[in-house]
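Undergrad: Each chain, written out:
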Amino acid sequence: MELRQERRVAERPLVSVVDDDESVRESLPDLLGEFGFAARTFLSAEEFLASDRVDQTRCLILDIALPGMSGPDLQRELKRRGQEIPIIFITASTDQTVRPRLLEQGAIECLFKPFSDTALLEALSAALRADERSAL
Amino acid sequence: MEVQPDLASGEVKHLQRCINDLIGLLALPAIWSGGDPSQVLHTLLDALMRMLRLDLASVSLTDPVGESPVEIVRIAEQRGPMPPAHEICEALSQCFKNDSRKWPPPLRNLMGEGDVSIVPLSLGLHGELGVIVAAAERADFPRQTEALLLSAAANQASIGLQEARLLSYQRRVASELDQQVVQRTAELATTNEELMKEVAERRLVEERLRQEERELKRSEVRKAAIVDSALDCIVTIDHEGCITEFNPAAEHTFGYRRDEVLGKHLADSIISPSLREKHRQGFARYLATGEVRVLGKRIEMTAVRADGREFPVELAITRIPWDGPPSFTGYLRDITERKRAEQELQRSEAFLAEAQHLSRIGSFSWRVATDEITWSEQLYRIFRIDRNAQVTFELIGTRIHPEDLSIFQEHIERSRRDGSDVQLEFRLRMPDGAVKYVHVVAHTRGDYGELEYIGAVQDVTERRCSEEALSKARSELSHVARVTSLGVLTASIAHEVNQPLSGIVTNASTCLRMLAADPPNVDGARETARRTIRDGNRASEVITRLRALYGKKEPTIESVDLNEAIREVIALSLSELQRNRVILRPELADDLPPVAGDRVQLQQVVLNLLRNASDAMSTIDDRPRDLLIRTELDDNDRVRLSVTDVGVGFEPQAADGLFEAFYTTKDEGMGIGLSVSRSIIERHHGRLWAKPNNGPGVTFSFSIPCKPEGLTSDGTRASRLPSGADAA
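Order-wise, the sequence lines are chains B and X.
According to the numbering used here, the first sequence is numbered sequentially starting from -8.
According to the numbering used here, the second sequence is numbered sequentially starting from 230.
Just so you know, these hints were derived from the structure itself, not from any lab.
Fair warning: there could be bad hints in the mix.
Claimed, not checked - Here are some of the chain B residues that sit facing chain X, going by a computed Cβ distance under 7 Å: (1) Asp12; (2) Ser14; (3) Val15; (4) Arg16; (5) Ser18; (6) Asp21; (7) Glu25; (8) Asp46; (9) Ala56; (10) Pro58; (11) Thr85; (12) Asp108.
Note that beta-carbon positions come from the ideal geometry of N, C-alpha and C, so glycine has one too.
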């Protein structure tokens, strides 16, 4: 138990959150922590790209509408760089048409705010499976 | 005698005495010559009394010449007092009526005893002159000699009397002649005097005539000078209508020389051909009946010049007061200019009246000192007051809406005091209860020492009604715009609400998980719970803003902090702007004074400008989509907001059209944004305009006045919304 705990802490996969909304940046890390992830938050796509966490990030929770570079822009940029990080898009928009488009372009999931903890957990699980597949 | 020596010596003496007496008697006429009958008789009786020693002698004259009858009586002196003469004559005439042939009749002595012998002696050939009576008491009376003496005396008396009568007659005739001469002389003198007077009068008359003649000449000269120098044409005609006078003004006006037209018929010269027949008829009527219809009036007619050109004249005809055949003077004046001026004036007046009618503007003048008010016709129509009514403030007052009467009167009083310009809008109430809005503009005219206002009154009822209707339409339009915006913005609004909702859900989930852990992570749960509350407030805040922005309500005026209002709009629009990759740079001035206005409407304008700016940059990829929103206090103490983009801009010539309703450059826009925005700003007494930048893009700006000092600022309540930070 102790060991597992330690191991989990040590091996906690890093989930990066990019969102300009403060509520999201404040609330998500705690929930991710409860799920057993390590979490880092970024205000913008540019900030994330400039950080040293891109390589460590096992899953990216990415807001679609961002000041400056948008979520999909970041997705394209990462793909261009060859860094295939599984991405869960989140959006406050109610436009349901964006979801299939994003999934088509390789997103794990697209969650509409407000989303439930279980929906997020499922998406995260899927993301990790995808990450493991790509790592293999 | 000597042959009869026997005669007694007494007898001789007696005879001698008798002869003496006879001679004496015969001498009497010499004494009488030139005397009057009474003088003759007096001397005769005195002589008889003395010669014949009579006791009584009397004489009675009948038919005295031009004199009263004469009766004279002599009585001997010794006989004492004498009875009245007429008694004696009466007695004598009694006895003569008896038989006069029985002479001498004895008579009773009237004066004593016994009888008296009486001898009557007739005077004149037939006694026609009268009678002399001689009487004596002696019985022998008369003796022969005495009878002779008496008869001689009677003859002498007759002759004397005849002469006296003749003389008297001659005198009378002479006197009459004299009188006639005197009378005639007097008559002649009178006649002479009258003649003199007449001569004098005649001279006077002649002098007067000469004077009159001189004056007449002078007057003629003067009259000629007047006629010659008169500006009016003076044309005289005789009773046949031929011209007898034609003054220089007439020569000038009609183009005829005087000598050309004198004697010519009027109808053949200056009368227009179209009127000649009428003139001839009129003249014929005059000749037949003496009736002249055109006398003493000013009439207008058409005349013709020598060159055939027709022109209007004013004509007055008078008849020359003269005994001879009637003649007439015509005074003519070329009124071409006046006619044209009149026509122009009429046209101008009609034009003005029509313009006033069309524009519903009436004009007036008001002499302040006398309160004399003059109205144009249209003004009577606007007030619905009878055209003939005398306009007074009292009358005007009856038409003014009772609620506006005091304002009206205040303005009048102020104008009366200081002569300031008047600009005033007030309502009228018609007798039927209809309400009219009128706008009055007036200013004083200082031309004539006294204060006089000249002004215009416009019936703006329709405008006011349409303004109200327009305002309502705009309000509705603005609501449509809002609803449209709502449709377009739904996504971003949902986005705005969903952000805090997302936080709430996540925090709440985390909280539950933390509490469910073993051991429960209470501190973490508390933290997440706090964040939940904060996000809940944040969501609520968004809802409040939305309700304010999209609820349709009447505009309210309050004190608005424009910066605060802009921050709220930015908060609402930020995510949309970010989505459009617009980089918003607010430069809001510190200490910006509040403005008076409708907060939500002003926010709509700001929102509209931000959205337009964002849209204008949606296709720009070669440069950052910078959007500057700036507030400042301008030089005129007005608060100015400007929104500057770097978008596609617009063609300079399109600047005017930008603000028209339904003008749009956007495919999906409705184009009412800017027009509604402008009307909102104008209602805030402000101005909204657009200007191309020096670089790319456009700057939209509006400026509105600061809140007036007097306005109570109860609007601060709405100007501060609870913020998330405060609640946290």
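Undergrad: Each hint should be assessed against the structure and marked as holding or not.
TA: Status of each hint after checking the structure:
no.	hint	result
1	Asp12	holds (5 Å)
2	Ser14	holds (3 Å)
3	Val15	holds (6 Å)
4	Arg16	violated (9 Å)
5	Ser18	holds (4 Å)
6	Asp21	holds (5 Å)
7	Glu25	holds (4 Å)
8	Asp46	violated (27 Å)
9	Ala56	holds (4 Å)
10	Pro58	holds (4 Å)
11	Thr85	holds (4 Å)
12	Asp108	holds (4 Å)
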